[in-house]
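K.L.:
Quick mapping for you: the protein sequence lines, in order, are chains A and B. Mapping of the first sequence onto our numbering: residues 1 to 491, in sequence order. Mapping of the second sequence onto our numbering: residues 1 to 447, in sequence order.
If you're looking for bench data, these hints aren't it; they were derived computationally from the structure. Using N, Cα and C, we set each Cβ at its ideal position, and we do this for glycine too. Just to be clear, a hint being listed does not mean it is correct.
[What the hints assert, rightly or not] Among the chain B residues that face chain A by a calculated CB cut under 8 Å, a handful are:
| no. | residue |
| --- | --- |
| 1 | ASP43 |
| 2 | LEU330 |
| 3 | GLY343 |
[What the hints assert, rightly or not] What the simulated footprint calls covered on chain A by chain B, stretch by stretch (three residues with Cβ under 8 Å from a Cβ of chain B suffice, anywhere in the stretch; the number is not a length):
| no. | segment |
| --- | --- |
| 4 | 193–201 |
| 5 | 230–242 |
| 6 | 346–359 |
| 7 | 384–391 |
| 8 | 439–453 |
[To be verified] Listed next, the in silico SDA-like pairs over lysine to any residue satisfying Cα-Cα at most 25 Å (straight line):
| no. | chain 1 | residue 1 | chain 2 | residue 2 |
| --- | --- | --- | --- | --- |
| 9 | A | LYS9 | B | THR38 |
| 10 | B | LYS319 | A | ARG475 |
| 11 | A | LYS432 | B | VAL23 |
| 12 | A | LYS370 | A | ASN412 |
| 13 | B | LYS319 | B | VAL149 |
| 14 | B | LYS286 | A | VAL482 |
| 15 | B | LYS246 | B | ASP371 |
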Amino acid sequence: MSEATIYEKSVSGRLGARLPVCDVPETPLPQELLRRELDLPEVSELQVVRHFTRLSRRNFSIDTGFYPLGSCTMKYNPRLNEDVARLPGFAALHPRSDEESSQGALELMHRLQGWLAEISGFARVTLMPAAGAQGELAGILMIRRYHERRGDSQRRRILVPDSAHGTNPATVTMAGYESVELPSDGEGNVDLHSLRAACDETVAGMMITVPSTLGLFDVNIQEIVDAVHGCGGLMYMDGANMNALMGIVKPGDLGFDVMHYNLHKTFSTPHGGGGPGCGAVAVNDRLAPFLPGPNVELVAQAGADMPARYGLRMPPQSIGRLKAFHGNFGMHVRACAYILFHGDRGIREISRHAVLNANYLRASLQRSFKIPYPRICAHEFVIEGRFEGIEEVHALDISKRLMDYGFHPPTNYFPLIVPEALLIEPTETEDKATLDDFIAAMRHIAQEAREDPGLLLSAPRTLDISRLDEVRAARQLMLCCVPIPDWPAQG
Amino acid sequence: MSYVPHTETERQQMLATIGVSAVEDLFGAVPARHRFPTLDLPDPLSELEVQAELLSLSEANDHGQDFALFRGGGAWHHYIPSALGHMLLRGEFLTAYTPYQPELSQGTLQAIFEYQSMICALTGMDAANASHYDGATSFAEAVSMAVDVGRGRRNKILFSPWINPQYRDVARTYHQGRDLLFRGDESASTLSDLVGQLDNNTAMLAVAYPDFIGHIADFQGLAQKVHEAGALLVFVVNPVALGLLKSPGELGADIVVGEGQPLGIPLSFGGPYVGFFATRTRLVRKIAGRIVGETVDEDGRRAWVMTLRPREQDIRREKASSNICTNQGLMALAAAVYLALMGKQGLRQVAELCWHKAHYAAAQIAALEEDYQIITRPPFFHEFALRCPRPVSDMNAALRERGIIGGHDLGTEDPRLRDCMLLAFTEMNSREEIDALVAGLRELQGS
Chain A
1 MSEATIYEKS
11 VSGRLGARLP
21 VCDVPETPLP
31 QELLRRELDL
41 PEVSELQVVR
51 HFTRLSRRNF
61 SIDTGFYPLG
71 SCTMKYNPRL
81 NEDVARLPGF
91 AALHPRSDEE
101 SSQGALELMH
111 RLQGWLAEIS
121 GFARVTLMPA
131 AGAQGELAGI
141 LMIRRYHERR
151 GDSQRRRILV
161 PDSAHGTNPA
171 TVTMAGYESV
181 ELPSDGEGNV
191 DLHSLRAACD
201 ETVAGMMITV
211 PSTLGLFDVN
221 IQEIVDAVHG
231 CGGLMYMDGA
241 NMNALMGIVK
251 PGDLGFDVMH
261 YNLHKTFSTP
271 HGGGGPGCGA
281 VAVNDRLAPF
291 LPGPNVELVA
301 QAGADMPARY
311 GLRMPPQSIG
321 RLKAFHGNFG
331 MHVRACAYIL
341 FHGDRGIREI
351 SRHAVLNANY
361 LRASLQRSFK
371 IPYPRICAHE
381 FVIEGRFEGI
391 EEVHALDISK
401 RLMDYGFHPP
411 TNYFPLIVPE
421 ALLIEPTETE
431 DKATLDDFIA
441 AMRHIAQEAR
451 EDPGLLLSAP
461 RTLDISRLDE
471 VRAARQLMLC
481 CVPIPDWPAQ
491 G
Chain B
1 MSYVPHTETE
11 RQQMLATIGV
21 SAVEDLFGAV
31 PARHRFPTLD
41 LPDPLSELEV
51 QAELLSLSEA
61 NDHGQDFALF
71 RGGGAWHHYI
81 PSALGHMLLR
91 GEFLTAYTPY
101 QPELSQGTLQ
111 AIFEYQSMIC
121 ALTGMDAANA
131 SHYDGATSFA
141 EAVSMAVDVG
151 RGRRNKILFS
161 PWINPQYRDV
171 ARTYHQGRDL
181 LFRGDESAST
191 LSDLVGQLDN
201 NTAMLAVAYP
211 DFIGHIADFQ
221 GLAQKVHEAG
231 ALLVFVVNPV
241 ALGLLKSPGE
251 LGADIVVGEG
261 QPLGIPLSFG
271 GPYVGFFATR
281 TRLVRKIAGR
291 IVGETVDEDG
301 RRAWVMTLRP
311 REQDIRREKA
321 SSNICTNQGL
331 MALAAAVYLA
341 LMGKQGLRQV
351 AELCWHKAHY
361 AAAQIAALEE
371 DYQIITRPPF
381 FHEFALRCPR
391 PVSDMNAALR
401 ERGIIGGHDL
411 GTEDPRLRDC
421 MLLAFTEMNS
431 REEIDALVAG
441 LRELQGS
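Generate coordinates for the entire structure from the input sequences, incorporating the hints supplied.
P.N.:
Structure, rendered in structure tokens:
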């Protein structure tokens, strides 16, 4: 059911929260500085709770159903992690606390840095980036700083495969470099001829997602790394798909120089309707001096009657600070709990089963849908959301019809190099029965497309909402539910 | 231990469907010599043991439930209503992702739309985005937008030296790959010094309201001068102070950014927080990040959807104005729930309590001997800088013995403010706590 906005429920003069009576003598307010109006809603606490509870029920979520959104790793979010992040010793800890007042938090971050370095095979880790895209920016700025410090000023280009996530080329531009797109070959690997032709003394580095956004391990990964290193460039691994690699291969062992994690994906700190995330970055020794900071270091070893001591320190030639304070600490706590719970054996089970689930879905759907790269996949795979002879049906229609079957659709129209792409990532926490239900729904939809395509074109029909007019949203912009006072122009 | 649900029987059935005999057979494309490395990680723990381990680490911190906390400088200790936490723990909000499929995301979309509306109301702006990572990165994105509005021809950025130093650092980090000149904050320049540096190469001039040491400057007439130079006026604001103070919109701002943490988000050692970003209608198509707009569905029912999408990285790729993808969705929801619970009058009351407590403390401290000097000029909001008779680290160590977490050591970021601490006061500080702080300062003077 649609829900009125909180502003539409507002009644002038109604009070919500109650605050303590002022217990100090009052100081007169400076009248000339005060605002005359403040258009916030005036609602009761029950109204607020009912409003947001009702809104929540208009969301699909992992808690309510299968969410195979490719490249997003929508796995179960353990409730344990929510509880520990809310412990007062973490939640009420001020970020400008003195070192001696925050040893517990610093030790936690230090441990997490070490574990993330171990899982990825790198030397050092920063937990500062707030999301994957910020990790990418950090990585490319470090590559830039590395070349500058060597006096190598002719490098201005970063190679990016055409299957890359849009953040990669956007990051390259933000960092002041030129993005050069590399084509994929017919097998979904980077085209080696094009890569080798592009590699010269103007290449600062390459950004590549492993496994790729097609859900494939590039069989030439070693040759790619060698080609870029051979021309003096550095290798950035986009770790968005790290859920396929833990205990399978360490990117550092493959020769990468830097990578980012998405802790909200791989380590299940929840996605929260679009964030917060954490884009921890791991580097080898070559790039370690340039890490953003500050990061946690062990500043004094434990002694006979002294515990170890940790502190926040800026790396010597740091690219600088990426955000205020030291990262999304609440996400660090959740990731720490997740690794403690899984341990060495549990962590390796994650990637094995993520890949098992994806291949089971792929093998089960290959007769109903065209799979452009029909080989063993990693933790996700792409299908073509179209059918021969039924031109009117598109990937979007399959997605909307899936909603009628109670599933969240896969990622639509990404990667861009596959026509009508549907990118499917089941994750390791889904059981076989759920996967079987999804397979059955997809097969039904393929059959419906042939027999009664109108069912797809008019979907969704079982929700309290039909397809939205997105063009109108952009043409008749309504971004705000309150009229804004028209201030007299100032200059 | 793991959250993997498979039984051995199911695993075998699945492998048979795939046509391989073991899970390990799925990794043939990975170079053999690097395949299946050992992981030097601890042994798995039960949930009970994880809780005990993390409780023990958390208790090794001196936090705001055990101490009287007078620290601010970019994050502040405010009351968070109980109902707020319960809303955030709704799994339908917590475990959803970016509302790419609007039919399944109306809850998140409408909540963000309401958040945008409340941010507009607070700042006096026409449009807000769905959030940035924090106040500092919102500020860095304001620089991008100003340069973009100047079509790349204006590359001078003027910062007031009294903007949070971390924000200025982040802006410099973000833009180090571009040819920009950051000016204005190298010395103790005044507002008129800043205005004097405006020229036809200036993309923006940024001020803080209140500033980093709490002062509320008089910005009457500033917008006119900035606009005459063809630059944008950027305000960095504290949202609680806006419960009381004239909105930046009324003062002629073009972009307003700030840290949303005081709006119902725990201190949490620095994050996750939420950076808000608001601007004027004429600049809305230059905003980075997600924006939610109102529309209708095929049956004419009101609904919400992410809009102006062609600005974003997934579509515009290397031509996008920012690489932002994931934002701080759940934290924006927290701010929306907070502002709804507090409402027009509640937020004003919080702001007034902050004002009264800080001014009471200042009056008590001013009555001490001459060892202490309040550096921040009036009017100030809920923070002020205090010059102390000895190093701030010593002061804070002694205050900690008294159950008090004193002010931030300003000298760590600005040598001119050696021995100065930045004290912050909120509705959380009782008179008893403030009196204890003042008594502590009295005992520490002179000796």
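K.L.:
Now look at each hint and say whether the structure bears it out.
P.N.:
Here's how the hints hold up against the structure:
1. The closest approach between the C-beta of ASP43 (chain B) and any C-beta of chain A is roughly 5 Å, which is under the 8 Å cut-off, so the hint is satisfied.
2. Nearest Cβ of chain A to the Cβ of LEU330 (chain B): about 3 Å, under the 8 Å cut. The hint holds.
3. For GLY343 (chain B), the interface hint holds, since its Cβ comes within 8 Å of a Cβ in chain A; the closest pair sits about 5 Å apart.
4. With 0 residues having a Cβ less than 8 Å from any Cβ of chain B, the segment 193–201 of chain A misses the three-residue criterion, and the hint is violated.
5. Counting residues of the segment 230–242 of chain A whose CB lies closer than 8 Å to any CB of chain B gives 0, so the stated coverage by that chain is violated, three being the minimum.
6. Here's how the segment 346–359 of chain A fares: 11 of its residues keep a CB closer than 8 Å to some CB of chain B, so the rule of at least three is met and the hint holds.
7. Evaluation of the coverage hint for the segment 384–391 of chain A: breached, as 0 residues show C-beta separations to chain B shorter than 8 Å, against a requirement of three.
8. Counting residues of the segment 439–453 of chain A whose CB falls under 8 Å from any CB of chain B gives 0; the rule of at least 3 is not met.
9. Taking the CA atoms of LYS9 (chain A) and THR38 (chain B), the gap is near 58 Å; set against the 25 Å cutoff, the hint is violated.
10. Restraint check for LYS319 (chain B) and ARG475 (chain A): the C-alpha separation of about 22 Å stays at or below 25 Å, so the hint holds.
11. A threshold of 25 Å between alpha carbons decides the hint, and for LYS432 (chain A) with VAL23 (chain B) the separation of about 15 Å falls inside it, so the pair holds.
12. In summary, the hint linking LYS370 (chain A) to ASN412 (chain A) is supported, as the alpha carbons are separated by about 15 Å, within the 25 Å threshold.
13. Taken as a hint, the LYS319 (chain B) and VAL149 (chain B) pair is honoured in the structure, with Cα atoms around 15 Å apart against an allowance of 25 Å.
14. At roughly 21 Å between alpha-carbon atoms, LYS286 (chain B) and VAL482 (chain A) fall within 25 Å of each other, so this suggested pair holds.
15. The suggested pairing of LYS246 (chain B) with ASP371 (chain B) is violated, with an alpha-carbon distance near 35 Å, which exceeds 25 Å.
Checked against the numbered hints given earlier, the structure breaks hints 4, 5, 7, 8, 9, 15 and satisfies all the rest.
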